[in-house]
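Now that you have both chains on their own, put them together as the hints suggest.
In order, the protein sequence lines correspond to chains A and B.
The opening residue of the first sequence carries number 1 in our numbering; numbering runs sequentially from there.
The opening residue of the second sequence carries number 1001 in our numbering; numbering runs sequentially from there.
Because the hints were derived from the structure by calculation, they are not lab data.
This structure is a prediction, so every number in the text was calculated from the model and none was measured.
Please note that the accuracy of each hint is not assured.
As the list claims (entries may be wrong) - Using 30 Å as the maximum straight-line C-alpha spacing, the simulated DSS-like pairs for lysine-lysine come out as follows: (1) Lys-1015(B) x Lys-1343(B); (2) Lys-1015(B) x Lys-1101(B); (3) Lys-27(A) x Lys-216(A); (4) Lys-143(A) x Lys-1015(B); (5) Lys-1060(B) x Lys-80(A); (6) Lys-1355(B) x Lys-1271(B); (7) Lys-1388(B) x Lys-1015(B); (8) Lys-1060(B) x Lys-1254(B); (9) Lys-82(A) x Lys-1015(B).
Unchecked claim - Taking CB as the label site, the calculated pair distances span: (10) Arg-217(A) x Gly-1305(B): 36 to 42 Å; (11) His-1319(B) x Ala-22(A): 32 to 38 Å; (12) Asp-1363(B) x Ser-147(A): 41 to 47 Å; (13) Val-73(A) x Gly-1022(B): 51 to 57 Å; (14) Trp-1013(B) x Pro-121(A): 23 to 29 Å; (15) Ser-181(A) x Ile-1344(B): 56 to 62 Å; (16) Thr-21(A) x His-1319(B): 33 to 39 Å; (17) Gln-64(A) x Arg-1366(B): 55 to 61 Å; (18) Gly-1022(B) x His-220(A): 55 to 61 Å; (19) Ser-235(A) x Ala-1385(B): 36 to 42 Å; (20) Gly-233(A) x Gly-1305(B): 40 to 46 Å; (21) Ile-1321(B) x Pro-121(A): 18 to 24 Å; (22) Glu-1362(B) x Glu-131(A): 53 to 59 Å.
Ideal placement from N, C-alpha and C gives every residue a C-beta, glycine not left out.
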Amino acid sequence: MEKGVGIQIEGLSKRYGAGDTAVDALKEVNMSVAPGEVVGLIGPSGSGKTTLLKCLGAVIEPTQGRMTLGGEVIYDNGWKIKDLRVLRRDRIGFIFQAPYLIPFLDVTDNVALLPMLAGRPNGESRARALELLQALDVAHRAKGETSELSGGEQQRVSIARALANRPPVILADEPTAPLDSERALAVMRILNQMATQYQTAIIVVTHDEKIIPTFKRIYHIRDGRTVEEAGEGRSLE
Amino acid sequence: MISLAGRDILHSWGKFVLTGLGLGLLIGVTFTMAGVYRGMVDDARVLLNNSGADLWVVQKDTLGPYAESSSIPDDVYRGILGMPGVAQAANVTYLTMQVRKEGTDVRAMVVGFAPGQPGEPNYLVAGRRITRSHYEAVADVMSRFNVGDRIRIRRHEYTVVGLTRRMVSSGGDPMVFIPLKDAQEAQFLKDNDAIVNSRARTAANPALNRPGVPGLLEAIEASQTSNHNVNAVLVRVAEGRSAEAVAQGIRRWKHLQAYTRAQMEDILIAKLIATASKQIGMFLVILMIVSAAIVAFIIYTMTLGKIREIAVLKLIGTHNITISSMILQQALGLGLIGFVVGKIAATIWGPLFPKYVLLLPEDAARGFVVVMVVCMLASTLAIRAAIKVDPATAIGG
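Bound conformation, chain B alone (with noise of 0.2 Å):
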């Protein structure tokens, strides 16, 4: 028996071709969007592989460094060093600033480390690692600055000696690894004029600016110049040592609160990307019954074009089945065309995005059974009018 779905498919398959390419570009669209998502995720576990931590010591009753701010002493690493089965510990500094070069200015999270300690880029593609104290920076490659490139952040220029990869925030922004104490000043140093008008606060108010207490008001405004915090501790466990044992200690005898790896990720994932992964949801299950109304309006207007063929293919003794089998097909065969040029545009337009753009084989794997079963149930409206064609139509007139 002939293919009569593959007659009709080649019979007009320029229509077929153009009408599976748009539904096919909704597909690459509806990937992208999962492919968005995936990048989400995949971006915060790069961020917590790449840290190069076991424990995340931050602030008490925050969820930071992340998804809450935080801020500890920076001599508090020095307590945890100490501490039973730490083996390394180090501040860092997060701080997600507008960074500018030459008149334009590059969304990124400015990440202030110690060289040689968690924290620091553990690889670099292009160029060295920071090793001057001051105002070297690496960047990402998503900042699309180049090595040698002067980039401004706050008051002070900083050169570009090395590019890393992948070194994203949960927000998708690149990373700008900068010298602790630089970053320290980016983020806690007050500029001049508000640093003026803070001295001249301080020194009108009796009770800081008391007289016969000499040397009180310069102690007062030093400290209010100089900031000695930092956002986190990361620290790496000792092999063999539990990180969840070490976690309590810090969390018991030092009132910090430590995070482990699993709950960093929970935090990263399940908090802060949560509404985000929901609306990604919601437009995946806009664009799927999209889709579906796109094939089963397609679908049943050829079917519709098709009437008088169909009443005389039932006259002359062609199973219901048959005709079914063949409206199916056809929804299968536009399902399987949208599905591979969804693909491929997916795969060719995904890299352009500003942020990571994940396409796992297991979401395409998910996504052809997902078009396959939308576009089955879309040919139903066209086989129930096929079924419903009278033979007795194609005599008379």
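Looking at chain A on its own, in the form it has when it is part of the complex (with noise of 0.2 Å):
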């Protein structure tokens, strides 16, 4: 087990296809973000930035390559967990472009549900809601339908969904996108204090050119492969 890391990839390649038709969407990435860091993954469109979440979601196998998890390999030339869907459950929250709250759940059981599908009993699971929507501001809505919720109060609300099984790792999917400048940045701060808060390791995959002078550190991602750099890291107050 290596401590302190929150999530670690070395020489990640996927290949989609076989033969003269093959298509190398990842050739040897390499990436490592520590608790409680947010760093972003950016490129251009057909770089790879989506196939690269999606192996690090746990939802299509790489080709090759080695992935540690918490400290704990869970990938390493074949999948090291047998069940992926509780590894994605309990280990990786996930931030969509648009929030894709469940829309008949109120706004506690949409960050409850994670909770209570790993099987902690509901009360528990409505305490911990309440909890990450407090922390996100969001607790006056707890009761509300999520229809009833303004874009930056869904996006707080899917944040707190991710982090309700306080998994090690977050992967956010442009979790901007939709969002003015100044909502954008909003939700910036509240990642990086949440990331703070609950030691959790944050992937930001964006183009926003708002939020990317906000990172510290930045993993360029192009044809496949991997470059790391230091971002400006501008204040986020």
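Here it is as structure tokens:
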């Protein structure tokens, strides 16, 4: 077990198809994000961002490489975890471009659903959801319907949902795309706060010019390869 | 764990209830069809029970008097009365016809019976029994006649003096009871023009109008204008005697057909309404298929409308079983609403049908099981679609 690592990938490759039609979407990608750190993953369309996110999210299988999550090797030229569904449920948080909240559940239950799926009692799950909603300043909407929330509030609820099972890593897929500058920066502020508060490693896939200067560390992905560089780390205050 | 299906139903209850209502009306039609069949069977049984007979004596080689026409002389009953084991025997006639009342007419089975004998309606719900020898009638309430109404049967007017209930033919037509002599006349007597024509035809026949044989033509004409036939003799067997044994005696010595109650029930249910029951059976099958198709379509469409949510649920670790169970519960919920609405609808509109609709609790129980199984099967299409959803579709769009 490697300590002090939120998520680490080494030599991760993904090939689609075979033979002459094979496409190498990822070519020996290396990446490391520490607990409490928020890094950006940027690149043009078709560069492999989404493929990398899907590999990290354990929804598609890489072709080769190694992945460590919270110090445990989860992939080493093959999955080391039997039940990827449980891995996603308990150890990876997802934030999407649109909030994709479950419309038939109220705000609290949208967040509490994850702990409940993990087998935690309803009361405990709801208490944890309320705690997160308070931390994200949407507790006043706890009993409301998701459709009654503003775009920013919905995104905060989706962040709360991603944090609900205290995962070591959160994958955020363009979380600020539909938001204006002010709200986008607010979301980034929240992500940084949460990363620090819950010691979660957060990878934000984006090509949103508004938030790129806020990252301290950025991974550029181009033609399936990543290049690490220091970001501006502009203040969010 | 919260009930995802329950929450989804509560969230879009309006759509759900309206769909359930539509499905329920269809299920109501299905229940009613089954009720119509049950009503036909029950009518047949009640017809036999209310006739008060143990044996039906009819023309040889016929399935009379209900399933086929039968004609036997009206003095046969005297001979039957003298047979061992016979307690009572009485003539009856049955004739299905239009009975007129003030410009309107009602299709009814006119029954001719001898008062105090088998074949008489065994209870009245209004008025009195027939006390005069002619031109009085007792009608089933389904005819919508009232006590005191004047009705016309063939050439004569009758006064309705009493009303009975659940006395209908196997075809569901209400019965109108009149004295036997009147019924014989209504059934067999020709109209005046036909009598005049028949007399002229007989007189023109040299074989029947022979010179030098006085009284021959008149005798033949008299026999042509009167009729002493009935459709059946209803027999009540003496206590402790076997109906089948008495029937065997009648068949052997009287050269007539005699049916026991079980045999008559078989004729009425297995033969007379067999085609109708097959017809209703076909309707039931078609309605079941249509209901299944509707449930499948609705649940499938509802599931397709939630594909993105299902992808997100799967991505965040929801088990396929949980999602399948959500869809299944919704299908069953829809079926439950449909069943309740259908049962209520059938109970409300059943009595408005012109024929008796009998809704049995065991049919409702069977219907409930069938509805649930159909909904379960119908949900498989949607479950398949949900299971096929790739959680990766939630990422990257």
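Going through the hints against the structure:
no.	hint	in the structure
1	Lys-1015(B) x Lys-1343(B)	holds, 20 Å
2	Lys-1015(B) x Lys-1101(B)	violated, 50 Å
3	Lys-27(A) x Lys-216(A)	holds, 24 Å
4	Lys-143(A) x Lys-1015(B)	holds, 23 Å
5	Lys-1060(B) x Lys-80(A)	violated, 88 Å
6	Lys-1355(B) x Lys-1271(B)	holds, 19 Å
7	Lys-1388(B) x Lys-1015(B)	holds, 25 Å
8	Lys-1060(B) x Lys-1254(B)	holds, 10 Å
9	Lys-82(A) x Lys-1015(B)	violated, 41 Å
10	Arg-217(A) x Gly-1305(B): 36 to 42 Å	holds, 41 Å
11	His-1319(B) x Ala-22(A): 32 to 38 Å	holds, 34 Å
12	Asp-1363(B) x Ser-147(A): 41 to 47 Å	holds, 43 Å
13	Val-73(A) x Gly-1022(B): 51 to 57 Å	holds, 55 Å
14	Trp-1013(B) x Pro-121(A): 23 to 29 Å	holds, 27 Å
15	Ser-181(A) x Ile-1344(B): 56 to 62 Å	holds, 58 Å
16	Thr-21(A) x His-1319(B): 33 to 39 Å	holds, 35 Å
17	Gln-64(A) x Arg-1366(B): 55 to 61 Å	holds, 60 Å
18	Gly-1022(B) x His-220(A): 55 to 61 Å	holds, 56 Å
19	Ser-235(A) x Ala-1385(B): 36 to 42 Å	violated, 48 Å
20	Gly-233(A) x Gly-1305(B): 40 to 46 Å	holds, 43 Å
21	Ile-1321(B) x Pro-121(A): 18 to 24 Å	holds, 20 Å
22	Glu-1362(B) x Glu-131(A): 53 to 59 Å	holds, 55 Å
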